[in-house]
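Guided by the hints, dock chains R and D onto chain V, whose structure is given.
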Amino acid sequence: MSAASLLFSCSMHVGVSHPKLAAKSSACCLLNQPWNHLKSKTPFGHSGVLEKSKLSHRGDEILLRAGTLHVESAPSFTVGQKFQLDDVIEAQQFDRETLNAIFEVARSMESIERNSSGSQMLKGYLMATLFYEPSTRTRLSFESAMKRLGGDVLTTENAREFSSAAKGETLEDTIRTVEGYSDIIVMRHFESGAAIRAAVTASIPVINAGDGPGQHPTQALLDVYTIEREIGKLDGIRVGLVGDLANGRTVRSLAYLLAKYQDVKIYFVSPNVVKMKDDIKDYLTSKGVEWEESADLMEVASKCDVVYQTRIQKERFAEKIDLYEEARGKYIVNQDVLKVMQKHAVVMHPLPRLDEITVDVDSDPRAAYFRQAKNGLYIRMALLKHHLPNYTSLAFNSELLYDTNLYDPKYLDNNMWTKF
Amino acid sequence: MSAASLLFSCSMHVGVSHPKLAAKSSACCLLNQPWNHLKSKTPFGHSGVLEKSKLSHRGDEILLRAGTLHVESAPSFTVGQKFQLDDVIEAQQFDRETLNAIFEVARSMESIERNSSGSQMLKGYLMATLFYEPSTRTRLSFESAMKRLGGDVLTTENAREFSSAAKGETLEDTIRTVEGYSDIIVMRHFESGAAIRAAVTASIPVINAGDGPGQHPTQALLDVYTIEREIGKLDGIRVGLVGDLANGRTVRSLAYLLAKYQDVKIYFVSPNVVKMKDDIKDYLTSKGVEWEESADLMEVASKCDVVYQTRIQKERFAEKIDLYEEARGKYIVNQDVLKVMQKHAVVMHPLPRLDEITVDVDSDPRAAYFRQAKNGLYIRMALLKHHLPNYTSLAFNSELLYDTNLYDPKYLDNNMWTKF
Amino acid sequence: MSAASLLFSCSMHVGVSHPKLAAKSSACCLLNQPWNHLKSKTPFGHSGVLEKSKLSHRGDEILLRAGTLHVESAPSFTVGQKFQLDDVIEAQQFDRETLNAIFEVARSMESIERNSSGSQMLKGYLMATLFYEPSTRTRLSFESAMKRLGGDVLTTENAREFSSAAKGETLEDTIRTVEGYSDIIVMRHFESGAAIRAAVTASIPVINAGDGPGQHPTQALLDVYTIEREIGKLDGIRVGLVGDLANGRTVRSLAYLLAKYQDVKIYFVSPNVVKMKDDIKDYLTSKGVEWEESADLMEVASKCDVVYQTRIQKERFAEKIDLYEEARGKYIVNQDVLKVMQKHAVVMHPLPRLDEITVDVDSDPRAAYFRQAKNGLYIRMALLKHHLPNYTSLAFNSELLYDTNLYDPKYLDNNMWTKF
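Chains as they are written, first to last, in the UniProt record's numbering: chain V, 1 to 420; chain R, 1 to 420; chain D, 1 to 420.
Mixed in with the good hints, there may be bad ones.
Put simply, identical chains are the same to the list, so a pair is met inside one copy or across any two.
With a Cα cut of at most 25 Å, we get these calculated SDA-like pairs of lysine to any residue [to be verified]: (1) K123 <-> E110; (2) K281 <-> W291; (3) K314 <-> R176; (4) K275 <-> L257; (5) K167 <-> A318; (6) K277 <-> K314; (7) K343 <-> T358; (8) K265 <-> G236; (9) K265 <-> K303; (10) K260 <-> A318; (11) K167 <-> D360; (12) K167 <-> R328; (13) K287 <-> V361; (14) K265 <-> L354; (15) K167 <-> D362; (16) K233 <-> K265; (17) K123 <-> D263; (18) K167 <-> E356; (19) K287 <-> A246; (20) K167 <-> S302; (21) K167 <-> F370; (22) K343 <-> R229.
Since the hints were made in silico from the structure, they are not lab data.
Bound conformation, chain V alone:
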């Protein structure tokens, strides 16, 4: 069984294995301990995933049906179930097998996005984009992903208003309200740790779209996906991380994920004021990942498969503008760098970029950053497909889904789950 089919067998059989019997109260304890110590048997959970119980009336009802289903050995379609076991909180939660599974689905999403008049896979599902700080790029790519799969979106760009100083509602109360209106929450927050708080509270899946200086796991996933798509492998790759390595959460998350592959070598190239911090270096060492610091971008570029450039973030320098200006101009990816790079190598960047990559690099086939941005769409489509019920097998009978009689409670109470 391939990793991808394993991934989906998880969501297909969720009713049978009953992992949601895990008590909500135990999930709440997670806040006081490393939450990834919890183990589950779902692929997404190998390195730690929140298991959610459904204590609500609705949840019990689903459980009951799933149980009946089990006895009857009928196929466990999750139509109308509208919940899932997993949240996406931090890059470290994914193990190598899960990453492979996600990437396999992401690749299949490329053909759905490119060739169809729109998939109807997630028809009837609502995603709430709960953004406590603006991030149009991230929001658009999530919303595009949902809509490309036939789902719909509730948008809140100004979610801060929910918890305004004047009104003072807690994040937890907001989540309990929003989960009543949607099937999955994609949240961007200004505070580190907000995503896990939301996930513990919600009875629907939560995807972290960036929580302050904390994590931005879907960016990390799309970065690794892009490396695999562009270079064709992850084991044995050579990656140069360039620019602001102290403040950039993308390079930090990427380092965590690369450590899951074998024979990886990472080069750190950054101005002195924004060097990679020791925690990442120690982590890489502990995982047996070779790394070195270098001040010579040209030499690193000539050796690497990937030159991962980042923006020097002016806002981190406050009034020390002279330090910023010095750091900013130090490592620029331009035609000279392209000249020493290998033919198969690529330039990546999380965007937006200023002048740390010159515009004349854009037309070189090795400029991968816009393809990288596009890969964010595929990764998010794959995550949404996994985290919401899987209609694929029903697609041939899709008109049946709109036969309202099927949703009449008296039909549902009897044999809906065995009808197909």
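What follows is chains R and D alone, placed relative to chain V:
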């Protein structure tokens, strides 16, 4: 004929009974007199509803067809008609029979929302959310309601820009523009009376989602619906209204609606500075509703079926912070209150809450406030279903609706209405 | 072959004629020369249209298929192709034949919007509304147009954040990201020339929804469409342009378009401080269009088919408030003006209006400004229908479009294009 079927027979036969012949000019007079003196025969109109004429070309065309239909005694499907007779402006417009009808539909919405991959009942309809002040909670629940029924939404969170000081467009002009782009308008405005002005202007239904210190009728509906859902009855209930009774429009609207039921008793529990005003007390007395004021939350809690807590609104106290702090701490629903409450009783709150209900109350089954928020979805689904044409009977032939030939003008001019 | 069928034959045979082989590099050169010197054979291109090459992997793939298609002489449906040749940048790009074709489609949109439960013509397509400055009216009408045709929308009301001073991303980089998430971009920008920059960059169609003091071509189209709808002709009409003729881009664009018709006469009626500029007068003269300036609104109104009133824009007067007040009160369309106007004549206004048209004019059948606003919907529906692939011919087999097997890569690589 049950109240609910009566409710829908109204929208089914609208073309036949021609209520839209009522002149627009008479509707305009409403601004100078109590508009709920107007009577109509639709269930929503028993206690006063705006009747709209369709003076436009489009309206005339529809009339013509409906007339033909009448002669032929064909079923009066309202496909493509895209208008309705009613607006939702204030809580008082609903009589008891109408409330029952709405609640019956709302209950049916619970199973649609829970069990299906999305209803297509309102497919092809567009709701404009015209919000002149932000209210993410209300907006999201309306938009979720529309999308759960297969409809779509045009969102304007910053509708004030329409009428900016620089440009100075009137509300009426804005409505005349927006009605051209949508099928129903859900409006939030900062001025009392804005909703009725919009309703008089628009040739499509208008739902008031709060107009300044005025009305917020859908909140009142969901409150009464929640009481019936939680307690199982409305006649004979005992309700304690707690907190800011002077400024809270929710408790005021709720008092109006409770007066429509028999043998109701209301307790007012509030700090002295924010006591219930005399107009409501007089109204209740005039309707024969028993009420009393009390300073003893524990005693009231022990007697009531519903403890309806509200937030003390800091913004009403301006610089009198000491008065605010005193009022705020006075009546808190906590474990002590839960202990004296009856087993079947519930705690409600319109949300957001600060600390007027302690967080440890949340896990008690009698904490109904998040279920109450969810009920807002069902009530709004029911209102949208009523106020937009009813496709249910066509659901089995839904694929015919997408046969473009049917929409070719030459077909439409002949016999579209009798085709089904 | 009628103009309209010619219009669509263009999009039908796009794969066969391979205009997208034109090099992207040549398109880039356009920035340094009048871009409308480029000629193409598509109807939209008679007076200058950008031809786009698809240098991406996706583009090549499409080319390949289109080529195969050509050889097999199979019908060239553009299902799933999701690209188009044309952008809408400025009013002058449209010739008379193209205008007629657009208007014919717009008229057909009136019946789709009025009579159906929503067309599914653009199902599966995503429009991004990239608004760098707010314009709720324009945004809503574009979004309504897209949704009325079954498409969906990604909304960015605060696109400026993309290019914030802190981050400093170029418009070009933003476009390259957004084009990965959507099928067409509708852009409003504060800088003149932004639309053409976006169009040159994007591999998907771009529609200019206003770029600073530059162009607002869809407003010009809807104005001319309204004149034809209301008066029944364009050749031989008499139009009075009233109000702020110096700053109003709508009257300037309208003058450009009217010059394409025969025997047109234009009257300019404006306060001295905001008179029509010489460039337009010279242009009209060069095209043989008769025009005259007049200070007598009553006389002009009595002669004209169309009195096109505009708002005096306070923001253009800065601190010269006295000049503004004088200009503002000078020419008001009121009952007196109506009395001298001919029975068939109409009053138009791009909206919003202040008091330059008195409210008592609204009820006169000759008040066309709200119908004009509504026509914006039909024009935008027509443009979207043209600029996104045309599904009409497949509508009868629409259920096949949702047969997921068709989108399985192995089917797509073989014979998808000949399947229908």
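Checked hints:
{"no.": "1", "hint": "K123 <-> E110", "result": "both (19 Å within a copy, 18 Å between copies)"}
{"no.": "2", "hint": "K281 <-> W291", "result": "within (8 Å within a copy, 70 Å between copies)"}
{"no.": "3", "hint": "K314 <-> R176", "result": "between (37 Å within a copy, 24 Å between copies)"}
{"no.": "4", "hint": "K275 <-> L257", "result": "within (19 Å within a copy, 59 Å between copies)"}
{"no.": "5", "hint": "K167 <-> A318", "result": "between (31 Å within a copy, 14 Å between copies)"}
{"no.": "6", "hint": "K277 <-> K314", "result": "within (19 Å within a copy, 45 Å between copies)"}
{"no.": "7", "hint": "K343 <-> T358", "result": "within (19 Å within a copy, 63 Å between copies)"}
{"no.": "8", "hint": "K265 <-> G236", "result": "within (7 Å within a copy, 75 Å between copies)"}
{"no.": "9", "hint": "K265 <-> K303", "result": "within (10 Å within a copy, 71 Å between copies)"}
{"no.": "10", "hint": "K260 <-> A318", "result": "neither (36 Å within a copy, 57 Å between copies)"}
{"no.": "11", "hint": "K167 <-> D360", "result": "between (50 Å within a copy, 20 Å between copies)"}
{"no.": "12", "hint": "K167 <-> R328", "result": "between (41 Å within a copy, 13 Å between copies)"}
{"no.": "13", "hint": "K287 <-> V361", "result": "neither (34 Å within a copy, 46 Å between copies)"}
{"no.": "14", "hint": "K265 <-> L354", "result": "neither (27 Å within a copy, 51 Å between copies)"}
{"no.": "15", "hint": "K167 <-> D362", "result": "between (47 Å within a copy, 19 Å between copies)"}
{"no.": "16", "hint": "K233 <-> K265", "result": "within (13 Å within a copy, 69 Å between copies)"}
{"no.": "17", "hint": "K123 <-> D263", "result": "neither (42 Å within a copy, 47 Å between copies)"}
{"no.": "18", "hint": "K167 <-> E356", "result": "between (42 Å within a copy, 12 Å between copies)"}
{"no.": "19", "hint": "K287 <-> A246", "result": "within (20 Å within a copy, 64 Å between copies)"}
{"no.": "20", "hint": "K167 <-> S302", "result": "neither (56 Å within a copy, 29 Å between copies)"}
{"no.": "21", "hint": "K167 <-> F370", "result": "between (41 Å within a copy, 17 Å between copies)"}
{"no.": "22", "hint": "K343 <-> R229", "result": "within (15 Å within a copy, 60 Å between copies)"}
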